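Can you build the whole structure from these sequences, using the hints too?
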Amino acid sequence: MQEPVVTEARTTDRELLDFVMRTPRWFFGSTVVFGAILAAGFAVFILLLMFGLQYFGYSHPVYWSFPIVNLVFWIGISHAGIMVSAILRLSQAEWRRPVTRAAEVLTIFSLLTAMLMPIVHSGRPWRTLYWEFPYDWIRGAWPNPRSPLVWDPSAIFTYLLSTLMFVYIALLPDLALARDKASDPVRRVLFTILAMGFRGTSRQWRIQAIAGILLSAIILPIFVSVHSIVSWDFAVTSLPGWHNTVFAPYFVIGAVHSGVSAVVTVTIVLRKILKLENYIKADHIDSLARLLIAVAVTWGFFLFLDFGFGLYGEEPAEVATWMKRTFEMPWLVLAPIFIFTAFLFPVPMWLFRNVRRSFKWMFITTVSVNIGMWLERYLLIVPGLERKSDLQFVYGEFTPSWGEGIIVTASFALVMLGVLTFAKLLPIIPAADVKEGQILAEKFAVGKTDVPAAMRE
Amino acid sequence: MIKPEEAALQIKQRPAFKPASIRPNLRHAAIAALAILAAAGIVAYIIKLGSWGEAGRAKWAYPTVALMYILSTAAGAPLVAYASRAARGYWALPARRVAELYIIPATISYILLIPILATLPPLEGRSNLWFNFHAGAPFLTDALAAAIMVLAGVGMLWISTVPDLAVAWRANGELSSWQRALVFNWTGTTRQWIAARIGTKVFGAFYLMAYIYTHLVLSTDLGQALVPGWRSGIFPAYHALTGIQGGLALTIVTLFLLKRYSSVGRFIGNEQAINLGKLLLATTLLWFYFFWSDFVLVWYARIPSEVAAMQLTIAITYRLPFILGFLGLFLIPFVCLIFNPVRRNLWSLAAVGGVTLVGLVFDRIRLFVPAMSHPDPFHHSLGTNLPDAFGPSALDIVFLIGWIAIMALAFIWAASRLPVLGGWELRHGAMLRREQQFMKGHVYVLGKPD
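Residue numbers (my numbering), protein chains in the order written: chain E, 1 to 457; chain Z, 1001 to 1450.
Do not rely on the hints blindly, as some may be mistaken.
[Unchecked claim] In silico DSS-like links for lysine-lysine, alpha-carbon gap of 30 Å or less: (1) Lys360(E) - Lys281(E); (2) Lys272(E) - Lys1278(Z); (3) Lys443(E) - Lys1201(Z); (4) Lys1201(Z) - Lys360(E); (5) Lys272(E) - Lys1448(Z); (6) Lys448(E) - Lys435(E); (7) Lys448(E) - Lys1278(Z); (8) Lys272(E) - Lys360(E); (9) Lys424(E) - Lys181(E); (10) Lys435(E) - Lys1440(Z); (11) Lys275(E) - Lys1448(Z); (12) Lys435(E) - Lys1003(Z); (13) Lys1448(Z) - Lys443(E); (14) Lys1448(Z) - Lys360(E); (15) Lys1278(Z) - Lys443(E); (16) Lys435(E) - Lys1278(Z).
For the record, the hints were derived by calculation from the structure and aren't laboratory data.
Keep in mind it's a predicted model, so treat the numbers as computed, not measured.
Shown next, in the form of structure tokens:
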């Protein structure tokens, strides 16, 4: 049980809106740095438009590489918001309150970043548009509704729209608060429009709470379907190393593993730079770490199922793919790094209470998880394509290019800039939720001890 | 406001609450019927052993269904206790011991496991999870996995029962030396309490891991490894999940029966129904997700060996058990459980739980009968000629029903020897929960000390 936040309501409002109302100098510096990285990424994209996929050095048979790895990675990260926010809201976990907004915002920006990746991946996007529009039902050729490449945009757009609704409903009280506190007339008008007349009447609170709970319940199946469908992009093929029935839950739980880790990383960074020490405490990080232990162990089980049942059939092509992934260079080096950073290093560390309550160690371990999870997707995608198959006469080894590296870096910069910009415009910790937690917090004596407690309606 | 039963909140620390066991009576018609069915089950088991070698593995197809059914329901139930302890779910306090006691029937199922494992063919020339690793696989490895699971479960049950047993035995006078040994000389010191709390969680965590591992190896070795071309990575996870679903359903049905027919019923009520109902709904939805993840890949990739295996277990040969399993494990529970009134009432929830338990029998039939009855697992595909369905003989039906009765009787025996409610956990819960006035209404305050 977390110690409740003990600040006056006015102090809470002031502290949480501080970054919204006042702009520190470092904000401009960080914006310039992220903007420069984004500009570099955009320049690479222009070169890609000019020269096509050969600019990345792609040749048969590996055409799926960093952009697709990035697509899977960022969609994975986007699962954090819903995992932390919707599930914990439904299960009435009190400790969720200060971390939900950051998780939801991370969901939105990582999803938007993920959606850019297929455009980059296509090299010359107008050709993709030519295939997609107008939609050709008559030919029965690609694109057709039975293709996972059509399921993908449907699932991702649905997820994005429902996440935006979910975040907006949760934001309403804070938008009203920002409206009431804004001194700048432009901001006041903007927040007035966005707050949609929220005045905090009991009816409005009731409707807002019910809408939040309903959306939490509705969004969960969408959250599961999105990464399942992404996994089926790979698994419905009969390509060795990709065709495994465990892929859907394996991808979903992997997404939650990397997503919740990313939430911890972002929360720790925001706590430091926005001076939110009164609101994000060791207890919150501890609870997230406990959640991560359960998630990581489940993910480990599914990883074993993927590996075990890859080899189970003893089919030569399947075995050869796993051998390549594990024993040939450069995968021989990357595979142990993946296992170590995604599982063997962080999970045993989280078993120690001191680590779970240390911001420094939690930052290190959660960054480590995401290094590993990015590598996991890379190890999954490239070796499977690179291996020479039966009727294939042109093949070669894949070497990543600088351009791809810049695209990956730019995608990180885009997400960070997005989260930071959001935090500049609106409170990154839900003020209304934190204050509700303060009201519901109780304490009562059991024997000689005061036990922290929470009210339940 | 969802709150516990009044009796559960009224338990005070002094005078000590004496947790009760149930008192079954053979003169009761239901108990007598169970005893007769159980005796028939034992006779059927002896007949099967007596005709060892005839008809080979196929003769053990339906006993395998009985084994995997018990391992899915009785072995799944203790996870309800562990999960609620790990998540500090106070709503489950009256259900924890009930769920844990099911480890006793799960232990008895070991008698079935040994002869069934002995019928398995050699590993060479067929798909297997052991990659031709010969040191005892699959017989010793599978038996060891199940043994570790059972030991961890018994450990969890024993540690959680020690404080209650100490109270119950002390009420009858001084403890004998063996009683003192069994309760680790329990006097209720702070150190002992800390050890008891940590012990239940540690044994529970081991039990969960052993449960998953046991389901992984047994569902593979007794199931898909015996059907050429059946290669599904999600299958062990599906099997473990349906086990948890069965465990939940069994706990719900047992709680309903205890509420209806025993003196401990006053501690059990709608608080348990609401939360168990949510969990049952969640596992029901997960059933569909896991099934669909398996099905869509086979349907889409159209690899002939996988399609043939799917036709055997789902679409053609064992279509009827699949449909009945689908109805019992997904469609009927889903349609019922989405309605709040069904989930909020222990009676209606128990009816849904009963349907789930019946559906699980048919699901296990369509998974393990084709595997155990298939004479030739040494290929990579079933080919185009699917084997015929292997129907149950009268002896098989008696066996199946008899062993389910043995499971029920084993639970009743355990519940008559050990307190069926966790008295110390109920007291702990009563101390940490209270109702109070808040503004114009009443709220329920929940203390969470750690």
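Going down the list of hints, with the structure as the test:
1. Lys360(E) - Lys281(E): holds, 13 Å
2. Lys272(E) - Lys1278(Z): Distance ~39 Å between Lys272(E) and Lys1278(Z) Cα, so the pair is violated.
3. Lys443(E) - Lys1201(Z): The given pair, whose Cα atoms are some 26 Å apart, holds under the 30 Å limit.
4. Lys1201(Z) - Lys360(E): holds, 28 Å
5. Lys272(E) - Lys1448(Z): holds, 28 Å
6. Lys448(E) - Lys435(E): Roughly 29 Å separates the two Cα atoms, so the pair holds.
7. Lys448(E) - Lys1278(Z): violated, 36 Å
8. Lys272(E) - Lys360(E): holds, 11 Å
9. Lys424(E) - Lys181(E): Given that 30 Å is the threshold and the Cα spacing comes to 15 Å, the pair holds.
10. Lys435(E) - Lys1440(Z): With a Cα-Cα distance of about 19 Å, the restraint between Lys435(E) and Lys1440(Z) holds, given a limit of 30 Å.
11. Lys275(E) - Lys1448(Z): Between Lys275(E) and Lys1448(Z) the Cα gap is close to 28 Å, so the pair holds against 30 Å.
12. Lys435(E) - Lys1003(Z): Roughly 25 Å between the alpha carbons, so the hint for Lys435(E) and Lys1003(Z) holds.
13. Lys1448(Z) - Lys443(E): holds, 10 Å
14. Lys1448(Z) - Lys360(E): With a Cα-Cα distance of about 27 Å, the restraint between Lys1448(Z) and Lys360(E) holds, given a limit of 30 Å.
15. Lys1278(Z) - Lys443(E): holds, 29 Å
16. Lys435(E) - Lys1278(Z): holds, 29 Å
The structure fails hints 2, 7 (numbered hints given earlier, in ascending order).
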